[in-house]
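Residue numbering for the sequence shown follows our numbering, beginning at 128 and increasing consecutively.
Quick caveat, the hints were computed from the structure, so don't treat them as lab data. Among the hints, a few may not be true.
[Stated by the list, open to error] In silico DSBU-like cross-links for lysine-lysine, where the CA-CA straight-line distance does not exceed 35 Å: (1) Lys159 to Lys135; (2) Lys163 to Lys152; (3) Lys135 to Lys152; (4) Lys135 to Lys163.
[Said to hold, decoys possible] The following label-pair restraints were derived from C-beta to C-beta distances: (5) Glu172 to Ala147: 18 to 24 Å; (6) Pro140 to Glu172: 33 to 39 Å; (7) Arg138 to Gly161: 17 to 23 Å; (8) Leu143 to Ser166: 16 to 22 Å; (9) Phe130 to Pro160: 17 to 23 Å; (10) Pro132 to Ile153: 15 to 21 Å; (11) Ile164 to Lys135: 17 to 23 Å; (12) Gly136 to Pro160: 30 to 36 Å; (13) Lys159 to Lys135: 17 to 23 Å.
Please read these numbers as outputs of a predicted model, since none were measured by experiment. Every residue, glycine too, gets a C-beta built ideally from N, C-alpha and C.
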Amino acid sequence: MSFQPLDKGSRIPLYLQITAQLIHKIEQGELKPGDKIPSEREFSELLN
């Protein structure tokens, strides 16, 4: 599962940027009920 890097200079808080990416993946069918999402530590590595 891939994610776009976060825009740390954006006025949009980081947690909302992550939420938007997760919602997009759900809407596109990339995340389905029961799928595991990365841990907080894995997210920090993926998004930096």
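inquiry  = Hints numbered earlier in the text: which of these fail when held up against the supplied structure?
reply    = 6, 7 and 13
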